[in-house]
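Asker: What follows is the residue order along each chain.
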Amino acid sequence: MTPRALRRWLEPARLRSLRRRLVWQFLVLSALLVAGLFLTVGWVAERASRASQDAVLGAAVTAIAEGIRSVDEGLEMDLPYATFSMLGAMGDERIFYAVTVGGQVVTGYEGLPPPPDVPDGVAPVFWRADYQGAALRLASVARPMLIDQRLSQVTVSLGQTRQGQAAIARETALGATWVALAFLALALPVALLAAQAVLAPVQRLAEVVSARGPRDLSPVRHPAPRELAPLLRALNGLIARLRAALELAETFIFEAAHRIRTPLSLVRTEAELALSETTDPATRARLRRMVRAINESSRSASQILDHAMVMYRSDQFDAGPVDLSVLTGSVLRAIRPLAEMRDITIVARGLDSACPVVADERMLEIALRNILDNAVKYSDADGRITLDLAHQGREAVLTLADEGRGLQGDPSRLLDRFHRGANVGDVAGSGLGLTIVAEVAAAHRGRFRLTPRDTGGTCAVLSLPLA
Amino acid sequence: MRFLLVEDSEDLARAVASRLAMEGHGVDHAATLADARHFLESVPYDLILLDISLPDGDGRDFLVRERAARRDTPVIMMTASASVSDRVGTLDQGADDYITKPFDFGELQARCRAVLRRHAGAADSRRHFAGFVFDALAATVTVGPETRELRARELRLLEILLSRPGQAYSKAHLIDRLFSFDEEVSDNAIEVYVGRLRRKLEGSGARLETLRGVGYRLIPE
Numbered sequence: 001m002t003p004r005a006l007r008r009w010l011e012p013a014r015l016r017s018l019r020r021r022l023v024w025q026f027l028v029l030s031a032l033l034v035a036g037l038f039l040t041v042g043w044v045a046e047r048a049s050r051a052s053q054d055a056v057l058g059a060a061v062t063a064i065a066e067g068i069r070s071v072d073e074g075l076e077m078d079l080p081y082a083t084f085s086m087l088g089a090m091g092d093e094r095i096f097y098a099v100t101v102g103g104q105v106v107t108g109y110e111g112l113p114p115p116p117d118v119p120d121g122v123a124p125v126f127w128r129a130d131y132q133g134a135a136l137r138l139a140s141v142a143r144p145m146l147i148d149q150r151l152s153q154v155t156v157s158l159g160q161t162r163q164g165q166a167a168i169a170r171e172t173a174l175g176a177t178w179v180a181l182a183f184l185a186l187a188l189p190v191a192l193l194a195a196q197a198v199l200a201p202v203q204r205l206a207e208v209v210s211a212r213g214p215r216d217l218s219p220v221r222h223p224a225p226r227e228l229a230p231l232l233r234a235l236n237g238l239i240a241r242l243r244a245a246l247e248l249a250e251t252f253i254f255e256a257a258h259r260i261r262t263p264l265s266l267v268r269t270e271a272e273l274a275l276s277e278t279t280d281p282a283t284r285a286r287l288r289r290m291v292r293a294i295n296e297s298s299r300s301a302s303q304i305l306d307h308a309m310v311m312y313r314s315d316q317f318d319a320g321p322v323d324l325s326v327l328t329g330s331v332l333r334a335i336r337p338l339a340e341m342r343d344i345t346i347v348a349r350g351l352d353s354a355c356p357v358v359a360d361e362r363m364l365e366i367a368l369r370n371i372l373d374n375a376v377k378y379s380d381a382d383g384r385i386t387l388d389l390a391h392q393g394r395e396a397v398l399t400l401a402d403e404g405r406g407l408q409g410d411p412s413r414l415l416d417r418f419h420r421g422a423n424v425g426d427v428a429g430s431g432l433g434l435t436i437v438a439e440v441a442a443a444h445r446g447r448f449r450l451t452p453r454d455t456g457g458t459c460a461v462l463s464l465p466l467a
Numbered sequence: 001m002r003f004l005l006v007e008d009s010e011d012l013a014r015a016v017a018s019r020l021a022m023e024g025h026g027v028d029h030a031a032t033l034a035d036a037r038h039f040l041e042s043v044p045y046d047l048i049l050l051d052i053s054l055p056d057g058d059g060r061d062f063l064v065r066e067r068a069a070r071r072d073t074p075v076i077m078m079t080a081s082a083s084v085s086d087r088v089g090t091l092d093q094g095a096d097d098y099i100t101k102p103f104d105f106g107e108l109q110a111r112c113r114a115v116l117r118r119h120a121g122a123a124d125s126r127r128h129f130a131g132f133v134f135d136a137l138a139a140t141v142t143v144g145p146e147t148r149e150l151r152a153r154e155l156r157l158l159e160i161l162l163s164r165p166g167q168a169y170s171k172a173h174l175i176d177r178l179f180s181f182d183e184e185v186s187d188n189a190i191e192v193y194v195g196r197l198r199r200k201l202e203g204s205g206a207r208l209e210t211l212r213g214v215g216y217r218l219i220p221e
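In order, the protein sequence lines correspond to chains D and S. Sequential numbering of the first sequence, starting at 1, is according to the UniProt record's numbering. Sequential numbering of the second sequence, starting at 1, is according to the UniProt record's numbering.
Excised from the complex, chain D in its bound form (with noise of 0.2 Å):
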């Protein structure tokens, strides 16, 4: 079998999940090793007992030879009964003897085949052979003698069935077997819990890499035995490129916005000195209305500029102790001419409390305000926005409240990029505002909902969980 044909049959392709997979091949090469373990003792135990009987049987072969005396009418020879008793001590085997003199045999079994090699010294020779239909071990010695006047080769073998020897051979490597086997049973469960610990740390690798927020591409950093590597660095090379990439648009978003901005103010002012020195009411048309072009894209850059920062931040997520309430008034404060050009008043609540969040500071301003500049664009001159910061539960509610024109249409779609509602009439915006206020809610984990108010106006309602 080529390594590849075994591999293959090692590891068939639907064994789809590695903890199967390593189980089977627990399986496969236990079994192989048990076969292995069966086939050596029997091995063994046949060597040994053979070595034992070898002993029994060149002892006696050497005691027949000894007893052999050369006489005038041919040859004289002494049994050596202990020695027999001896053999017979060995089970129940069964015994063949021949006394050859050149060949001839002069007593014992007729036929017993003659030995391989002719042994020539003091020590006997040992071989197999098949007789009467039974397997033999045979001892064979050589003893130069006269016999009548000529010097001859005397050859004495003995042989002994093995029957009951291969069966305690067999007995031994079977019971050795049912040994290895009983491990095997053993082992199994801990095998089964060793895969499961293996497999752990691909386990909590992914975990960690799943519980990651929405648009984190920092480097995955979780400590991985050395396997894994590989696959790590692999991850962190292609979050490494994504990354890259963002960044890449990014750069270019922010150095758009202000490439097109420092022009953009020429123009706008320009236009405004032009109005206030023009009475022709066509030509004073024409220039608010280039003045409010001006303004709708000065105000889409800012917001395609805020939303870029947001999802860039949100990679980064440097978050750390913020009092909620502190940075809502200092945007409040930013936030305050702008509402006072249309003599808009705005009531705040629950500033003088301390209220803890862990958020990326930046982040939440961003979010504070676009919120806040939402409701003063859609306020009417004269309205009133009230503002209100509470703890409820575990989480600090921002509740804002505005008088303006409410909302038409579905509210969570003006949450989506880009999309504004039916009624926002002459009003600058982009349709990012409250995309980018939802977008920073998601990344702490709170939630951002619009909802129209029972005496028109619109309510928007910002939950982040408390520190």
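It should be emphasised that the hints constitute simulated quantities derived from the structure, not laboratory data. Be a bit skeptical, because a hint or two may be false.
Pulled a few chain S residues facing chain D out of the computed Cβ check, cut under 8 Å [said to hold, decoys possible]:
#1 55
#2 100
#3 104
#4 110
#5 111
#6 146
#7 148
#8 152
#9 181
Per label pair, the in silico range of CB-to-CB distance [said to hold, decoys possible]:
#10 D/256 / S/107: 19 to 25 Å
#11 S/209 / D/263: 54 to 60 Å
#12 D/452 / S/165: 46 to 52 Å
These figures come from a predicted structure and were not determined experimentally. Ideal Cβ positions, reconstructed from N, Cα and C, are used throughout, including at glycine.
Given chain D's structure and the hints, the job is docking chain S onto it.
Answerer: Chain S in isolation, oriented as in the chain D frame:
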């Protein structure tokens, strides 16, 4: 009020300065930080409008040095970059407010007013006219023993009319200066504010007169 405008774009500076001049403010223009320092040494200012990127340095560094030297003339930063880090950073460095280009002139004025109000006390912002006292920073008129609060547009209207008492201002002119150009306003919108201001000035010796076909003017009775 006397303003120092530190801005390197000549065109923009000229436009902003003429707009501020229309509101009756005196504006000096410095194109570089060196010029700004020179002006500040010779004249006291009520407010500095400071651009961030200037040819000889960063407006924020200039601001930090000013504050370190315990000169606390209010400063409004102007920049073309609306990034929040700039906003937070400059407020930390001692700016009083921040405005992003391109700005609505009305917004700039509103911010100037808010900052000046916070720093009030240094200058006497009260003005006497025909039996009432007008305090622009406190946004009040005092007629006899009674002090009446003015809302933002009433205050703006009174400021304009008081800048040249007796002169007639057209509806169009007043609308330009009272309303943002983003707002769609009818010529009659101004009448609402004229009506309100008349009520606030009741009992004083001043009269807000309607000149049919011309506009409005403020005269002593």
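Asker: Please write out, lowest number first, the hints stated earlier that are contradicted by the structure.
Answerer: Those not satisfied are hints 1, 6, 7 and 11.
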